[in-house]
Structure formats: C-alpha cells, structure tokens
Amino acid sequence: MNIQTILATKGAHVITIRPEQAIREALVLFIRHNIGALVVLDDAGQLIGLLAERDIIRAAPMNEAIFSQPVSAVMTRDIITAVPQDDLMSVANTMTEMRIRHLPVVDQGRLVGIVSIGDVVKAQRDHYHGEVDTLQTQLLAGDI
Amino acid sequence: MGQPGTDTNPLRVAIIGAGPSGFYVAEHLLRQQGLVVEIDMLDRLPTPYGLVRGGVAPDHQKIKAVTATYDKIAAHPRFHFYGYVEFGKDLTLHDLREMYHQIVYTTGAQTDQHLGIPGEDLHGSWPATAFVAWYNGHPDFCDYQFDFSHERVAVVGVGNVAVDVARILCRTPEELATTDIADYALEALRHSRVKEVHMLGRRGPAQAVFTNPELKELGELAGADVSVLPEEVALDDLSRIALEKSQDRATYRKLELLQRYAAHKATTKPRQLIIRFLVSPVELLGNADGQVAAVRLVKNVLYATEAGTLRPSPTDQFETLPVGLVFRSVGYRGVPLPGVPFDERWGVILNQKGRVLHSETLQPRVGEYTAGWIKRGPTGVIGTNKPDALETVRCMVEDLAQGAILHPAEPQATAAEKRIQERQPMYFSYADWRRLNALEVAKGRAGGQPRVKFTRVEAMLTARRNIEKRNH
Numbered sequence: 000m001n002i003q004t005i006l007a008t009k010g011a012h013v014i015t016i017r018p019e020q021a022i023r024e025a026l027v028l029f030i031r032h033n034i035g036a037l038v039v040l041d042d043a044g045q046l047i048g049l050l051a052e053r054d055i056i057r058a059a060p061m062n063e064a065i066f067s068q069p070v071s072a073v074m075t076r077d078i079i080t081a082v083p084q085d086d087l088m089s090v091a092n093t094m095t096e097m098r099i100r101h102l103p104v105v106d107q108g109r110l111v112g113i114v115s116i117g118d119v120v121k122a123q124r125d126h127y128h129g130e131v132d133t134l135q136t137q138l139l140a141g142d143i
Numbered sequence: 000m001g002q003p004g005t006d007t008n009p010l011r012v013a014i015i016g017a018g019p020s021g022f023y024v025a026e027h028l029l030r031q032q033g034l035v036v037e038i039d040m041l042d043r044l045p046t047p048y049g050l051v052r053g054g055v056a057p058d059h060q061k062i063k064a065v066t067a068t069y070d071k072i073a074a075h076p077r078f079h080f081y082g083y084v085e086f087g088k089d090l091t092l093h094d095l096r097e098m099y100h101q102i103v104y105t106t107g108a109q110t111d112q113h114l115g116i117p118g119e120d121l122h123g124s125w126p127a128t129a130f131v132a133w134y135n136g137h138p139d140f141c142d143y144q145f146d147f148s149h150e151r152v153a154v155v156g157v158g159n160v161a162v163d164v165a166r167i168l169c170r171t172p173e174e175l176a177t178t179d180i181a182d183y184a185l186e187a188l189r190h191s192r193v194k195e196v197h198m199l200g201r202r203g204p205a206q207a208v209f210t211n212p213e214l215k216e217l218g219e220l221a222g223a224d225v226s227v228l229p230e231e232v233a234l235d236d237l238s239r240i241a242l243e244k245s246q247d248r249a250t251y252r253k254l255e256l257l258q259r260y261a262a263h264k265a266t267t268k269p270r271q272l273i274i275r276f277l278v279s280p281v282e283l284l285g286n287a288d289g290q291v292a293a294v295r296l297v298k299n300v301l302y303a304t305e306a307g308t309l310r311p312s313p314t315d316q317f318e319t320l321p322v323g324l325v326f327r328s329v330g331y332r333g334v335p336l337p338g339v340p341f342d343e344r345w346g347v348i349l350n351q352k353g354r355v356l357h358s359e360t361l362q363p364r365v366g367e368y369t370a371g372w373i374k375r376g377p378t379g380v381i382g383t384n385k386p387d388a389l390e391t392v393r394c395m396v397e398d399l400a401q402g403a404i405l406h407p408a409e410p411q412a413t414a415a416e417k418r419i420q421e422r423q424p425m426y427f428s429y430a431d432w433r434r435l436n437a438l439e440v441a442k443g444r445a446g447g448q449p450r451v452k453f454t455r456v457e458a459m460l461t462a463r464r465n466i467e468k469r470n471h
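Sequences listed follow chains A and B, in order. Residue numbering for the first sequence follows numbering that gives the first Met the number 0, starting at 0 and increasing by one per position. Residue numbering for the second sequence follows numbering that gives the first Met the number 0, starting at 0 and increasing by one per position.
If you're looking for bench data, these hints aren't it; they were derived computationally from the structure. Computed from a predicted structure; not experimentally measured. Just so it is clear, CB atoms sit at the ideal spot from N, CA and C, and this is done for glycine as well. Heads up, a few of these hints could be off.
What the hints assert, rightly or not - If you anchor each label on the Cβ, the simulated ranges turn out as follows: (1) A:Arg109 with B:Pro76: 46 to 56 Å; (2) B:Glu305 with A:Pro69: 24 to 34 Å; (3) B:Glu305 with A:Gln123: 15 to 25 Å; (4) B:Pro313 with A:Glu96: 50 to 60 Å; (5) A:Arg109 with B:Ala221: 29 to 39 Å; (6) A:Glu96 with B:Val300: 17 to 27 Å; (7) B:Lys417 with A:Glu24: 34 to 44 Å.
As the list claims (entries may be wrong) - To be clear about the criterion: a stretch of chain B counts as covered by chain A if any three or more of its residues have a C-beta under 8 Å from a C-beta of chain A, and this derived list gives those stretches: (8) 56-67; (9) 151-164; (10) 251-262; (11) 320-329; (12) 381-392.
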C-alpha cells in the first residue's frame, strides 16, 4: 500500500499559509481545521517550510511576542517530503525513527497533500484489521 | 415529519454496487442502534458479490467463502437487492435523489492502469483484469478470445493479481477442473501450449507486494516449476539496510522462499514459472501482423526516496524477452460515475473520509457518500473494506444527526420498487439470485466443482423464466 491511498480520502484541499502571516493566524487555522501542521508556501506556490504545533511550543517559552511574529521566524525549513508512491510502511518507519509528525506530499514539484502520523497509524490499523478479518474468514470457511 | 430513522419514517439508503464494500456499508448501517434503515442495493449485473465473484481466483474458494456473510446481511428484512439495474442508465442520480435520503457509491475499480509504453496496444497485450474477469465468467468478458498457442507469456507486475494470473496460466486442466472457473475458460486453457510464464517485477524481491501464502502456493503447483534468477534475488545494500532496520519477519520469510526457488533444480514438470525482479518493460515489440513478439526490458537499480521508500531507476542495460502474450497487471483504476465528482489524480470519487465533495467548493455534497476501492483506490484485501465502510457509515450517521440529508419527494420502498420496475422490468431480486445460485451449485456438484457459473445475462434471464414456469 502506498500513501496515495491516504490522500485519496482527504479531499483535494491542503491548508497552507504564507511565511509573512502571523503565528496567531496559524493558530486560527489549526483550530478551524482541526490540524496540527501547516505547509508554508511562498508567492510562487513553492513549498518552503512546515509550521507544526511543536514549532510554536518550542519557541513560545523564550518569546512573549510570538503570536505576532511571522510564520517564517518559527517554521521548520529543512523538511522531508514524500511522493504519492511512497510505501506506507517505509513512511511509517521514517516518521517514527525521525520523530516526524507531518509529511508534505509532492508530485512532480507540486504539493498534493500532507500525511500525518495519525493518518499513517489509522491506515496501518485498517490494513491489519482487514488482513486479520480476511484470514479468519478463510480459516472459518465452511463453519459459518 | 421528523428526522428519518424510525419505524414510521425509516432512513432510506441506496447503495450502488453489490461488492464487499457495499455489503459492509449495509452491515454497519443495519447494526446502528436505534436507527431504522431501509437499504436498496443496486448492481448493474444480475449477480451480487462484485470482485469476490468476478475477481478472486477460482482456485481460491476459501476466500470466496466470505459470501456467506453477505447472504446473511442480504437476509435482513429491510435489505433489498436490485440486480441488473445500472446507475446512470436505468436510474440516474436525479432519480435516486427523489427516493433516498442517502446514496453510497461502492462501484470499485473497474478498469486497469496503463503501462504507458510503446506497443502496449498490440494484439496479444491484455490488461490482466480482462483475463481475470474472463476466467471468472464475468458477462462483459465472456466473449474475449485469448490465444494460448504461444509458448511464452509475460505477466507484468508482482502483486497478488499478477500471481493469480500466472498461477491460473500454470495450473493443469485437472487442477482447474475442480474450481468454479468459467467452463469456456477451462476448455480454452485445456488446449494451452504455454510453457513459460515470466512474471516481471520492477523493484527487488524485498519490495515485491505479493503475500507469502500466495508465493508459497506457486511452489506447490502440480504442473509447473517456479524459479528465480539467483542474481536477482540477492539483496542490494539499500534493501539490506532497510530490512535490518525494520526487522520485518514477513519480508525475511518471503526472501527465504524466493532463495529456495532460486536454488531449486527444475524437474520434469511441463511448465516453468520464472519470477523476475528489477526489470521494467520499456516497449512491446510486434511482428508484421501487429502481434506481440517480444518485450524489451530495462534493468533497474533501486534508490531511496526522502521518505525511505526504495524505488526503481532504469539503467542502460536492456534485454529482449520473446513472448507471444502479455498480461499487464500494474493495478486497477476507478471509473467515473455520471454526475459524480471524480479525482483524476488518484482515480477515485472526490471525497473526504467517504463524504463526496463538490468539485469546485470542495465542500461535502449532501447525502452522497462512497466506500471501498472507488473511495480510496485499489488496495488492501477484502477485509480492509470493513473499517473503510465503517468510516463512511460514521459520516452518514453524523450527518443524519445534523439533519444534513437529502429530502426525497418519494421516500417509500414501494415508490422505489415501482420506478425500478418501470425502468428495468427484468431486474433481479436477491431471491432470484439465490435460485440462480442453487442452479449453479447443482450443476457444479455433478462435475465435482463448487459451481458452474452462468456467464451470460441472457442465460440468467432464461434460467429465471424456466424456474418461474416450473413453479406455476
């Protein structure tokens, strides 16, 4: 299974933010869309960073004025991206090992989605549930 | 009248497509406590079960046993099946909106992915899905003609569908005769001259997506030896490091099996099944008659994506494999439904967690849902559709509680039945199907088969007429 399967049921819209927008605006988007990270795009629509809840939490104790600061001051610039054909299991391993919670997905240079660790866990859970259910059906074939 | 979902005002739901996902949606809906739901399931074929009947290989009867669960769901008094009724033709979306509070599309992935290489459309190059539907007796495919006079066949892909295709090509007539393979397919394969089947995987052995039970089964064929090239089953550095990290036992077991096949000495079995890795077809070469004569392959090496997946990258080394028949098995793809937004990127209905979305506003379209392969793409086993259907049903129940449902003018079961009767008087009920099923099973019993399938709609209609005549 590849992560395209996850993107297929997430609609076509990716919530993004611009680097000059304020952290306060980012928080509003987190709450409105019930998400934990925003992809940061520049004027040309190029992916230049990721702003996660944790980035704000990490910066907040040293910075009283954080709410009015621009996203670019806090966002993570050095990010890992995925492609739609990435295997679910490889992505799960990479996210776990590198302690990454969100992975923007890029196809031929274009942002096509974002996958969270919650999405990955759910996809793995459903995958295993499905396998167990199918195996049980086969084992019980004839008894049901 | 208040919110639907009561005895006097049941929630009326139409499910389009009678495959596993459709049944799991029905099951989850009927299990909702305190909610009275009436379900009408439509399918364009007279027979239910979708890919369990038309896709699961005939020599895998235990997998097909899941249909017993579907029969139990169909026995619910508030469940109705309308077979041989096509969405978009016999009943339109407009019709459904006039009769149901909620509509669920579970039409699966009905076509195949293309390889996108020159020569793909030569004679003798087929989508594996067509071969699968043909040997399973799907009415749309029963007149297909495959030429098994060729000795060498290529199956592009190493997923479970590719394994099914390769295995059916390698089975002896005696092995196939005890399955429910379509009778015409058994007859055609009886005269098969196929001697070599080459399965072509673009990545390495550690990345092959076939499952271990399927791989093990290939080593137990009565009439075919399975082999792997030792140099292609040796692990490259990237795969070795990834495996050491993940310690995935299933992959270790898969590699052990493949290494055993690589060391295996050929016996006198009449057929050879050769599993290849790290090769991609770049062109199908034809003869003067436009018939496939060979497949040109490029050797691949693996590279790691940023997210850690090992993907194939072509080298400058090529080889030509002479073959007369090619089955392309690189995945199924969903087909758009009339009037329903489609996401071309992933080949699915545009949706969020199963709620169908407007293509422009990307907001949910009230009362329309999807589940299964047409929702998430063609992945997973049959059981994977259960949690997938549950996610969709949760959305349906949430929306009902919010009052976000359709407001049909004629939400009565009798009105739906009347309209279906008008549009498709020959529709099949579940009782009709059970009678056909009994005939199929009885006919199979005589020859030691699980069943002999009806493969033409006309034959199904005739059989039903004969039953009706007998009963009068």
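Status of each hint after checking the structure:
1. Hint check: arginine 109 (chain A) to proline 76 (chain B), Cβ distance near 51 Å, so the stated range 46 to 56 Å holds.
2. In this structure, glutamate 305 (chain B) and proline 69 (chain A) meet the distance hint of 24 to 34 Å, their C-beta atoms being roughly 26 Å apart.
3. For the hinted restraint 15 to 25 Å between glutamate 305 (chain B) and glutamine 123 (chain A), the CB-CB distance of approximately 20 Å keeps it satisfied.
4. Taking 50 to 60 Å as the suggested C-beta distance range, the pair proline 313 (chain B) and glutamate 96 (chain A) does not conform, at roughly 29 Å.
5. Evaluation of the 29 to 39 Å hint for arginine 109 (chain A) and alanine 221 (chain B) yields a failure: the beta carbon distance comes to about 51 Å.
6. Distance hint check for glutamate 96 (chain A) and valine 300 (chain B): the Cβ-Cβ separation is about 24 Å, which falls inside the suggested range of 17 to 27 Å.
7. For lysine 417 (chain B) and glutamate 24 (chain A), the Cβ-Cβ distance of about 55 Å falls outside the hinted range of 34 to 44 Å, so the restraint is violated.
8. By the rule of at least three residues with a Cβ nearer than 8 Å to a Cβ of chain A, the coverage given for the region 56-67 of chain B holds, with 6 such residues.
9. Coverage of the region 151-164 of chain B by chain A is violated [criterion: at least 3 residues with CB-CB distance below 8 Å; count 0].
10. Coverage of the region 251-262 of chain B by chain A is violated in this model, with 0 residues showing a Cβ closer than 8 Å to a Cβ of that chain against a need of three.
11. A stretch counts as covered by a chain when three or more of its residues have a beta carbon under 8 Å from one of that chain; for the region 320-329 of chain B and chain A the count is 0, and the coverage is violated.
12. Taking a C-beta to C-beta cut-off of 8 Å, the region 381-392 of chain B contributes 8 residues in contact with chain A, enough for the three needed, and the coverage statement holds.
Hint violations for this structure: numbers 4, 5, 7, 9, 10 and 11, all remaining hints satisfied.
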